[in-house]
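Note that the protein sequences, when read in sequence, are chains A and B. Under the working numbering, think of the first position of the first sequence as 1055, with each following residue one higher. Under the working numbering, think of the first position of the second sequence as 161, with each following residue one higher.
Treat each hint with caution, since some may be false.
[As the list claims (entries may be wrong)] Computed far set for chain B versus chain A, every beta-carbon distance over 10 angstroms:
(1) P211
(2) K220
(3) A232
(4) D287
(5) E349
(6) Q413
(7) S431
(8) D442
[To be verified] Covered stretches of chain A (in silico footprint by chain B; criterion: 3 or more residues with CB under 8 angstroms from a CB of chain B, positions within the stretch not fixed):
(9) 1076 to 1085
(10) 1207 to 1217
(11) 1227 to 1234
(12) 1334 to 1345
(13) 1355 to 1366
Just so you know, the hints here were simulated from the structure itself, not pulled from any lab data. We treat Cβ as the ideally placed atom computed from N, Cα and C, and that holds for glycine.
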Amino acid sequence: MSPLIFFIIRRLIQYVPMILVVIIVTFLLVRLAPGDPTYILVGEVGDESFVKAMRERLGLDRPLYDQFVIYISNVFRGDLGYSYLRSEPVAKLIVERIPATLLLVLTAMFISALVGIIVGTIAAARRGVADLTLSTLSIIGISIPYFWLGQIILIVFAVWLGIFPLGGMVSVGYEYQGLEYFLDVLYHLTLPAMTLAIFNIAFTTKITRGSVLEALTQDYIVTARAKGIPESRVVFRHALRNALIPVVTYTGFNTGVLLVGAILTETVFAWPGMGSLLYDSIRLRDYPVVLGIFIYGSIIVILANLIVDVLYGIIDPRIRLR
Amino acid sequence: MNNQGAAYTYHLKNVGLQLLYKSSKVFKVNPRFTAGFIIVLIVIILALVAPFITWYPPLKTLVGKPFTPPVALHPFGVDDLGRDIYTNVLYGIRTSLIVGVSAVTISLAIGILIGVIAGYYGGLLEDALMRITDMALIIPQFLLALVIVAIFGQNFQNIIIAIGIVSWPGIARMMRAEFLSIKERPFVEAAKAVGLSDVKIIFEEILPNAIPAIIPYAVLQVNTAILVEAGLGFLGIADPNVPSLGLMLNTAQQYLVRAWFMAFFPGLVLSIIVIGLNLLGDGLIEHLNPRLRKR
């Protein structure tokens, strides 16, 4: 077996059990919670016969061990229960919302990587006033709660200036097709993506700056300078290239933070993703959906980490040997 | 008696002066730390004197006409239920600080315990504990806290406990790293040679040397806890009987078009708290790590 395949298998063995752990934790929480677990697994509403049918289906009248096995096998088959309030299976409700959330997360990731890498590199190359201003700005950027930042951006750009929509993903009442649909989504995406990106730019800038500073102390930089290569080329071609790996891996491992960020940002802009679904479900006490979003969110984060980890091993052969 | 008293006072004065001298050096060297320290100090004072500088009871409805924009009597305006926003923001600072400090106390207790056992004993136990820690680091902590509070009941106590029990992994890892390096030092070997018990070596010899390294991270953890509480409040997971900056932003969300001040002031104050704690924590890390100081 080639070492690469061996490496990938080892990573799979490392990550897949985590999904099982997430499901076990969920089951334990539901069992430990005060009151009848039926109401958490089914929701607080529903007529007697529905609740009774669900109780039998979930095996809640059977011993704990059976309940556990039923729960695990249900979840692994993609059955997260049924939302009585919305008359739809929980899994379907969530899966429908994932693309919108991913669109928001990936757009914000792209913008913040682009801006953060450029700004961070400049900050590292020109230390002094620019550096100090940037690090102060990045502290502020990291600190401001992005859901509040989103509210302020919404008030300024949508309410006061009126140049962006108040929320949603498409204009209501227009049946846009093709390019027009794409532009309409882009128009709605601008403010939420900007909010999420601003928060992440600060982090990316900080990491890039540190990484480039480290790279600039290496011997090959001295060599490059001695050869008379212009400084801008030394920084952007020689130092940045070698500094990029930590930045890229960081961006990948940061998916969890961005996902939570997206969930909060979506709520501000009524962006129809998992966050809005979560917000509505909390208000309606639709617990099966809340639990489902926790499980799906965790799985997304675990998979993202797995992918980055494997890519890291492919890019940098040294990692494979560890 | 008198003499002893005087000697004690002298001693205290001496210790006080030393502390003052030491801290003055920190202030001079590190402007970030200074800025953070001042901001956090002001925030704490505001939280303490909240009852004396507000003129309405917190959470009391209809003390003003709903949606009144900022005026002299209501400096931050009045919300949808006629509650004074200025009063609730000041009491909200209290809530944030209480949540931050209590949740971090819980996560420190768990994190230190796990980190200490893993770092000191090593072997299979360490492997097992660190695998659990790594898993706990990957699961989105915010969502886990949210689920815990949602199904266990939305009260203040549950919010603090939930935030505390999801945020220990970082502390555990740091603690383990500290223990791994400190336990190799000669004084630990000496303690072992003298025949001290493991408990004594851990708590009286190693732990006091490991604590300073995690203090800045504890400060940053307070920050995270405050943000998690605010985020939960923003999604509507909060105790309705406790003033909360996050919950105020949740209410404000429904009236963004109509009442900008309902969102603006609570969020601004929340940002200031977080900026202060971030500066303080970063400043401490820089100060304790001379390698970073030179950069």
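Hints, verified against the model:
no. : hint         : result
1   : P211         : 26 angstroms, holds
2   : K220         : 25 angstroms, holds
3   : A232         : 23 angstroms, holds
4   : D287         : 13 angstroms, holds
5   : E349         : 30 angstroms, holds
6   : Q413         : 7 angstroms, violated
7   : S431         : 5 angstroms, violated
8   : D442         : 7 angstroms, violated
9   : 1076 to 1085 : holds (count 5)
10  : 1207 to 1217 : holds (count 3)
11  : 1227 to 1234 : violated (count 0)
12  : 1334 to 1345 : holds (count 5)
13  : 1355 to 1366 : holds (count 3)
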